[in-house]
Every structure is written in structure tokens, then in C-alpha cells.
Amino acid sequence: MAEMRTPIESGVPDNKPYLHPLMLKNYGRWRYHDRPRPGVLHHVAKSGDEIWTVRAGTQRQMDLYTIRKLCDIADQFADGFMRFTIRSNVEIMVGKEAQVAPLIKALADAGFPVGGTGNSVSSIAHTQGWLHCDIPGTDASGAVKALMDELIEEFTHEEMPNRVRLSTSCCEINCGGQADLAVVIQHTKPPKINHDLVANICERPAVIARCPVAAIRPALVNGKPSLEVDEKKCVCCGACYPPCPPMQINDPEYSKFAIWVGGKNGNARGKPTFMKMVAAGLPNHPPRWPEVSAVVKRILYAYKDDARPWERMADWIERIGWPRFFEKTELPFTKYLIDDWRGSRVSLNASTHIRF
Amino acid sequence: MAKDMHKTPMLDELESGPWPSFVTGLKRLAKDKDYMVDLLGQLEHSYETRKGYWKGGTVGVYGYGGGVIPRFSEVASQFPLSSEFHTLRVMPPAGMHYSTDILRKLCDVWERTGSGLIALHGQSGDIMFQGASTAQVQEAFDAINELGFDLGGAGPAVRTSMSCVGAARCEQSCFDEARAHRQVINTFLDDIHRPSLPYKFKFKFSGCANDCMNSIQRSDMAVIGTWRDNMRTDEELARQWYARHGMNELVNDVITRCPTKAIQLKKKSELAQGERISSVALNDELALEISNRDCVRCMHCINVMTGALAHGEDTGVTILVGGKRTLKIGDLMGTVVVPFMPMKTDQDYEALVELGQKAIDFFAENALEHERTGEMIERIGLVNFLEALELPVDANMVNHPRTNPYVRTDGWDEEVARVKARQANQASAEAGE
Chain A
17 MAEMRTPIES
27 GVPDNKPYLH
37 PLMLKNYGRW
47 RYHDRPRPGV
57 LHHVAKSGDE
67 IWTVRAGTQR
77 QMDLYTIRKL
87 CDIADQFADG
97 FMRFTIRSNV
107 EIMVGKEAQV
117 APLIKALADA
127 GFPVGGTGNS
137 VSSIAHTQGW
147 LHCDIPGTDA
157 SGAVKALMDE
167 LIEEFTHEEM
177 PNRVRLSTSC
187 CEINCGGQAD
197 LAVVIQHTKP
207 PKINHDLVAN
217 ICERPAVIAR
227 CPVAAIRPAL
237 VNGKPSLEVD
247 EKKCVCCGAC
257 YPPCPPMQIN
267 DPEYSKFAIW
277 VGGKNGNARG
287 KPTFMKMVAA
297 GLPNHPPRWP
307 EVSAVVKRIL
317 YAYKDDARPW
327 ERMADWIERI
337 GWPRFFEKTE
347 LPFTKYLIDD
357 WRGSRVSLNA
367 STHIRF
Chain B
5 MAKDMHKTPM
15 LDELESGPWP
25 SFVTGLKRLA
35 KDKDYMVDLL
45 GQLEHSYETR
55 KGYWKGGTVG
65 VYGYGGGVIP
75 RFSEVASQFP
85 LSSEFHTLRV
95 MPPAGMHYST
105 DILRKLCDVW
115 ERTGSGLIAL
125 HGQSGDIMFQ
135 GASTAQVQEA
145 FDAINELGFD
155 LGGAGPAVRT
165 SMSCVGAARC
175 EQSCFDEARA
185 HRQVINTFLD
195 DIHRPSLPYK
205 FKFKFSGCAN
215 DCMNSIQRSD
225 MAVIGTWRDN
235 MRTDEELARQ
245 WYARHGMNEL
255 VNDVITRCPT
265 KAIQLKKKSE
275 LAQGERISSV
285 ALNDELALEI
295 SNRDCVRCMH
305 CINVMTGALA
315 HGEDTGVTIL
325 VGGKRTLKIG
335 DLMGTVVVPF
345 MPMKTDQDYE
355 ALVELGQKAI
365 DFFAENALEH
375 ERTGEMIERI
385 GLVNFLEALE
395 LPVDANMVNH
405 PRTNPYVRTD
415 GWDEEVARVK
425 ARQANQASAE
435 AGE
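Protein chains in written order, with my numbering: chain A, 17 to 372; chain B, 5 to 437.
Just so you know, the hints here were simulated from the structure itself, not pulled from any lab data. Treat each hint with caution, since some may be false.
[What the hints assert, rightly or not] Computed spacing ranges between beta-carbons, pair by pair:
1. A/Phe372 <-> B/Gly250: 33 to 41 Å
2. A/Gly297 <-> B/Asn287: 54 to 62 Å
3. B/Asn400 <-> A/Ala366: 24 to 32 Å
4. B/Gly60 <-> A/Ala124: 38 to 46 Å
5. B/Asp365 <-> A/Tyr317: 44 to 52 Å
6. A/Arg51 <-> B/Leu290: 23 to 31 Å
7. A/Met293 <-> B/Asn429: 45 to 53 Å
8. A/Lys112 <-> B/Met9: 42 to 50 Å
9. A/Met293 <-> B/Gly60: 26 to 34 Å
10. A/Arg335 <-> B/Ala276: 27 to 35 Å
Glycine is no exception: its CB is placed at the ideal position from the N, C-alpha and C atoms.
Please build the complete structure, drawing on both the sequences and the hints.
Now the structure itself:
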């Protein structure tokens with residue numbers, strides 16, 4: 017065997033060589049910012065220096081030709097630097113206002129929608145899905161592409177009451193994360209167990225320990241050590257599937273979508289909030305998931321119509337109350353939306369505060 | 005391209021529409037690489053059958069135990085060329101800044117050694133080089149590593165971190181996020197590269213309470229910028245803001261949205277005076293008055309009146325521990341374990357690293373297998389965690405004191421004495437400064 021190269025454990029690289037020179041010069045000494053138009057941020061430093069940032073959406077899973085195209089644009093129309101946001105938007109910075117319009121044009125001509133700033137619907141935080149995940153109930157990149165095609169006007173304009181953050185997740189682990197509006201797979205049937213494989217593939221005590229409701233127990237099936245699920249207890253979360261792939265939780269028909277609203281990451285005004293489930297049972301319908309898009313848009317436009325400036329989705333619902341949320345969105349409030357997990361009694365109304 | 009494309013009628017539908025299409029990108033790569041022809045075939049197969057067909061396995065690079073996400077196809081007989089489609093997780097520079105030069109170099113490596121597909125970025129904050137065969141992984145890593153980049157975390161390990169744009173371009177930044185990010189993470193490279201913790205451990209760094217990195221909900225240790233002194237004001241910008249936005253927006257968007265009603269509208273001539281009052285004129289008659297003792301540093305008014313109102317100068321961080329999503333016991337947010345830690349000097353940054361070290365050591369020794377820090381704290385109680393990390397209890401750590409009597413309090417007097425002694429020590433230390 018040839019001698020192996022020892023890795024250089026360099027860790028996180030220093031970002032200084034990759035900063036736009038004006039950002040390096042004014043590091044930690046910025047005074048204020050404004051937004052001259054959707055998709056453009058204008059930051060002013062205490063030194064008086066100014067920098068303009070043009071933000072554009074990307075497909076996140078990028079072929080290297082797309083990345084090279086972004087590099088060409090950053091070299092030709094900007095100063096050779098870019099960064100990415102947590103939602104996979106690209107940001108290209110320029111030191112002169114005159115560079116802004118040509119940069120916007122170049123990005124738009126190359127198919128990158130400029131927007132995602134301020135009170136817009138920014139790009140959707142998403143996961144891997146069928147392209148690369150080992151446990152996905154659905155696709156991620158495709159679902160995002162389909163939804164952003166429909167929400168493009170809300171990305172390129174700043175017409176929402178406050179910023180709107182979306183996420184999608186291909187299983188209940190919810191890698192997409194908390195969001196104003198989230199689309200998450202919700203399995204509806206217990207796992208289907210391939211008893212021939214469990215003994216060889218799964219570390220059974222570890223799988224039993226993963227179950228949040230203690231519904232899994234060891235069993236001998238057809239003379240082989242395996243696992244069985246108490247289907248009355250099972251909450252179909254899929255937690256057993258990653259450590260034990262023979263416990264197949266994904267089902268083309270019975271893995272549905274749920275819609276969640278009102279997650280807020282930041283601390284502005286109220287404290288951060290978790291999102292709440294408001295709809296379920298939507299079909300997994302590639303390639304464009306129209307039933308999901310319809311509900312997402314219904315919620316989004318009810319919020320857009322009714323929320324006051326600076327109200328995030330959670331703030332809006334807190335003001336109007338849940339009954340009116342379900343009324344305005346024409347979504348049915350069902351018994352499945354009443355929480356019965358541990359600590360859930362704090363989510364019940366222990367008062368006479370009723371809206372009529 | 006030697007191999008004919010598979011028919012992909014469902015994916016083809018994702019090439020139309022205004023949003024950038026990853027399918028178009030995949031097809032472009034398939035012109036060069038038969039590898040990607042079969043990858044597209046498998047993805048279409050997933051769309052048709054509504055199932056995923058990747059399974060994990062064991063693939064790595066020499067010297068490391070993690071950082072590569074192995075993927076072997078379960079339908080390799082139909083799509084043999086892309087039967088191995090591994091991902092390399094690579095840590096980006098803090099704040100995800102790049103020069104075009106380094107991006108081009110990374111693309112060149114991946115054109116030579118991988119599929120050509122790169123995700124910027126994954127949900128943990130990694131650059132994800134998606135799609136290499138087992139045989140190519142080492143060569144790809146070596147080349148990426150030579151460019152100054154290193155693998156990120158996977159499995160029960162310290163994970164790749166994220167920090168906001170922060171000091172590089174944001175006036176709301178309260179500390180050097182990139183420095184904290186790099187200094188902390190690069191202390192734990194052994195725990196990143198050789199997964200041996202009970203489960204994952206994530207740090208995230210946000211420069212202010214807007215928490216653009218979603219750190220409270222998504223990290224085991226959230227480091228969030230804040231300040232202790234008074235808010236700063238800028239009269240020139242405040243007057244400009246008021247002239248542009250007027251009274252309705254001032255009242256409805258700024259004053260009434262303050263969560264603790266710390267802001268009042270006053271006549272300039274009637275402004276309160278006091279050490280903990282900030283005020284700023286809006287025109288010749290009116291002014292805003294802010295009671296800094298009531299302010300909870302939520303950032304709302306600063307977001308609305310950017311520059312006119314700004315964070316103070318005695319800056320540092322609030323640290324919360326234990327955030328995570330659902331599995332296993334339900335969603336948990338991080339909770340405060342350090343209300344304020346100054347973050348200015350070299351010693352301050354070292355103290356942050358030291359706290360991270362203590363948290364990881366305690367986690368490594370006390371968490372159950374596959375238990376996150378937040379779940380461990382739920383099991384043992386916050387006080388046990390605080391005492392192990394030698395962190396003093398503080399009323400900022402709770403929404404309110406306990407509402408049940410189920411606690412044995414026969415150590416009360418000793419505890420009172422300890423709290424008082426600590427307060428006295430603190431007072432004398434501050435007097436000595």
C-alpha cells in the first residue's frame with residue numbers, strides 16, 4: 017500500500033483572505049444600513065465607506081458551471097468576492113453604487129432572481145431528500161424549486177408584513193428547522209419491518225431506546241431475533257428507521273405532509289417560538305407537490321392581507337388568535353392538533369379568554 | 005457523454021419556471037460525466053416511486069473517523085455508474101465568505117475528483133461536495149485539504165459551526181463572531197474528526213439577538229451578542245428616520261412593539277435624566293426616551309431605526325445551552341446558562357473556549373448514548389449542569405421561579421450565604437477595576 021497522506025487538521029479557515037476589502041477595512045466598525053431596493057443592502061461604515069450587497073437566489077445544489085458563472089459575474093461586474101447566506105442566497109458586494117445596476121442585470125440575465133431581503137419571502141431552508149439522504153420521505157431540492165417558482169414575486173419584492181422564513185424537511189427530524197412556515201413529512205403508518213434483516217443490521221437495544229413512546233420490543237419472528245412494534249402506541253415518528261433500516265417508515269402513499277406555522281428564531285419583540293402544526297394529510301405528490309403549495313400560499317396570503325407591519329407570522333397569530341387563524345386560512349382545526357406530548361398542558365387555554 | 009440519458013419526464017418538469025433549476029444543473033454535469041447520467045436516472049426513479057434509494061456505510065479518509073457521508077445505491081443494478089455517491093462535508097470560512105479564486109480552485113478539484121455537484125451550504129453549515137466514488141474520496145479530500153480547507157463533523161461529534169456575517173458587514177454585531185467561531189471550533193478538531201461523543205454537539209454564533217444563525221433552536225451551545233450598558237443613539241439618523249416615516253410608524257412600529265415598554269415618546273424639554281436613560285431627538289420638539297434597565301436587548305427598535313438606535317459599547321455574549329429539534333423527547337430551545345460574558349480581550353475569547361470545553365467534557369461523561377445536551381439537562385436538571393460547569397445561578401436563567409413545592413430546601417441558609425459571598429466578591433472585584 018502506498019504511503020497515505022496525513023491530513024492537515026487546519027479546521028475552520030481564516031476568513032480574512034476571503035472578505036471584500038471594504039469589509040476587511042471596516043471590520044466591526046459599521047454605522048447603519050438601509051435597503052435601496054429589494055435585493056440590495058447598503059451598509060455605511062463609521063469611516064464613511066459604503067458597500068452595496070446584491071442578494072440573489074440559487075438552487076443550493078449547484079453544478080460547478082453555475083458556481084463558475086457566479087464567479088464570472090463577481091469578477092466582471094463586482095470585485096471578485098461573494099458570500100452565502102444561511103438560506104443559500106448568494107451575496108455579491110460592490111464598493112461603488114454605479115456597479116449595482118449592472119450587477120443586478122448580470123445576475124438576472126444569468127437566471128438568478130435578485131431579492132430575498134427585508135420583508136420578502138426568502139429562499140427555503142431545505143435538506144437533501146431523494147438526491148442524497150438515506151432516510152428521506154420526499155425530495156427537498158425539487159419541493160423548493162416548485163414552491164419558489166410559485167413564490168418568486170414574494171422573493172423579488174418586499175411586500176410582506178415582515179420577513180418570512182420557510183423551511184422544508186423530508187422527515188420528522190426536521191433538518192430544515194423552525195420557520196414561519198414549514199413543510200414537513202408526517203408519516204401516518206407504523207414502520208413495515210423486514211424481519212429477515214433486523215438481526216443482522218440493527219443493534220436491537222439501541223433501536224428500542226430510540227423510541228419516544230416505548231412502542232418497540234424484542235421479538236422472535238419466524239425463529240429469528242427481530243423487533244416488533246406496538247402499533248397502538250406507535251406515533252409514526254420514524255425515529256427507529258435511521259438506526260434500523262429494515263424498519264421502513266417511508267411509504268409512497270402513507271407518508272404525508274404536515275404544515276407548521278409560527279416558528280421564530282430571533283428574539284426581536286417576543287422570545288423565540290416553536291412552530292405549530294396546523295395541517296396534515298397532504299399527499300406526497302412529485303414533481304411539483306401542488307396540494308402543498310396551495311395550502312402554503314393560502315396561509316401566506318392570509319398573513320400578507322391581515323398582518324400589520326413588523327408582525328411575523330407568530331406575532332400575527334398571537335394578535336388574531338388561533339380560531340381566527342383557522343377561519344382566515346379555511347383550514348380545519350382537528351383533534352390531532354391538540355398536543356398530548358409531555359408538558360403539553362401549557363398549550364391548553366387555562367382561562368376564559370375566548371375570541372368570538 | 006458516452007451514455008444515453010435516462011428518460012426523466014418528472015424531473016424535466018422542474019426545469020421550467022423562474023427559480024434556478026438544480027435539474028438543469030445536473031443535466032449539464034451529465035454531459036461530461038456518465039456518473040451523473042445514472043444519478044439523474046436514480047433520482048427520476050425516486051420521483052416515480054416516491055422512495056429514497058440511498059443507504060449508508062463506512063467510507064472515510066486516512067486519519068479521520070468522520071466527515072464523509074457514505075451513500076451506496078440500493079438500485080445499483082439499474083443505475084450502476086452512480087452506485088457510490090458519497091459526500092464530503094467541508095468547513096467553510098466563518099460567515100461563508102469566498103474569493104472567486106478559491107471557489108474556482110474548489111470547483112476544479114471537484115471537476116477532477118467528483119461529480120461536480122456542490123451544495124452551498126448544508127443545514128449544518130458545511131460546503132457539501134456531493135457525489136464521489138469510494139476510490140475518489142481520498143484524492144478529493146487531499147486536494148481540498150491542500151487548499152486550506154478541512155473536513156467538518158458527522159455522527160456523534162462536535163459539528164461544523166455557523167456564524168453570521170457579523171462584524172464583517174453588520175452594524176448590529178456585538179462581538180467578533182468569526183473569531184469566536186474559529187477559535188472555539190478549532191479547539192475541538194479532534195472531537196470533530198474522530199466522533200466519540202454520546203451524540204452530536206453543535207455551536208452556533210450570532211452577533212445579536214436577531215440570531216440569524218437560529219442558534220437558540222438549533223445548537224447545543226448558542227453564543228449570541230449583547231451589551232450591558234446603554235443603547236447608543238444617533239440624532240442625525242433619528243431625525244432622518246422620523247422625517248421619512250412620521251408619527252404613525254413611530255408609534256405603531258417602534259414604541260408599542262417594544263416588548264417591555266422601555267421606550268417612551270417625550271417632549272424634548274421633558275426628557276428624564278439619569279445614568280441608565282438613553283434619549284434622542286426626532287425633531288426640534290419630540291424625542292425618544294429609553295429606559296435601559298427595562299430593555300431586554302431584543303433588537304426590534306434597532307432593526308426598525310437602524311443606526312438611529314444602536315447597541316451599547318460594553319458588549320459581550322449571552323450563552324444558551326441545549327437547543328435541538330424533536331427526536332427524542334420533543335423540541336427544546338437552548339436556555340440561558342451565562343447571562344453575560346464580555347467578549348473583547350484575548351482572555352475573554354479564551355474563557356469562551358474554556359466554557360465550551362467544560363460543556364463538552366461534561367456531556368461526554370454524563371450523557372446517555374444518543375442523548376443531546378438539552379435532553380441530558382432535562383434528565384438531570386439545570387442546577388446539576390450549572391454546578392458541574394461552575395456557573396453561578398442567576399434569575400436571568402428562568403422565566404419565573406418554581407411553581408411547585410417538590411424540592412428539599414434544608415440547604416437554604418448555606419446557599420444564601422454562598423450567594424451573598426459571591427455578590428460581595430463580585431462587588432469588590434468591580435470596585436477594584
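Hint by hint, here is what the structure shows:
Here the CB-CB span from A/Phe372 to B/Gly250 is close to 35 Å, well matched to the stated 33 to 41 Å. About 55 Å separates the C-beta atoms of A/Gly297 and B/Asn287, a value consistent with the hinted range of 54 to 62 Å. Here the CB-CB span from B/Asn400 to A/Ala366 is close to 26 Å, well matched to the stated 24 to 32 Å. Checking the proposed 38 to 46 Å range against B/Gly60 and A/Ala124 shows it holds: the Cβ atoms sit about 40 Å from each other.
Between B/Asp365 and A/Tyr317 the CB atoms are about 50 Å apart, so this pair conforms to the stated range of 44 to 52 Å. Under the hint 23 to 31 Å, the C-beta atoms of A/Arg51 and B/Leu290, about 26 Å apart, fit the expected range. The hint said 45 to 53 Å for the Cβ distance between A/Met293 and B/Asn429, and at roughly 49 Å that hint holds. The given range of 42 to 50 Å is respected by A/Lys112 and B/Met9, whose C-beta atoms sit roughly 44 Å from each other.
Between A/Met293 and B/Gly60 the Cβ separation comes to about 29 Å, which falls inside the hinted range of 26 to 34 Å. Taking 27 to 35 Å as the suggested C-beta distance range, the pair A/Arg335 and B/Ala276 conforms, at roughly 31 Å.
When the structure is compared with the earlier hints, no violation turns up for any of them.
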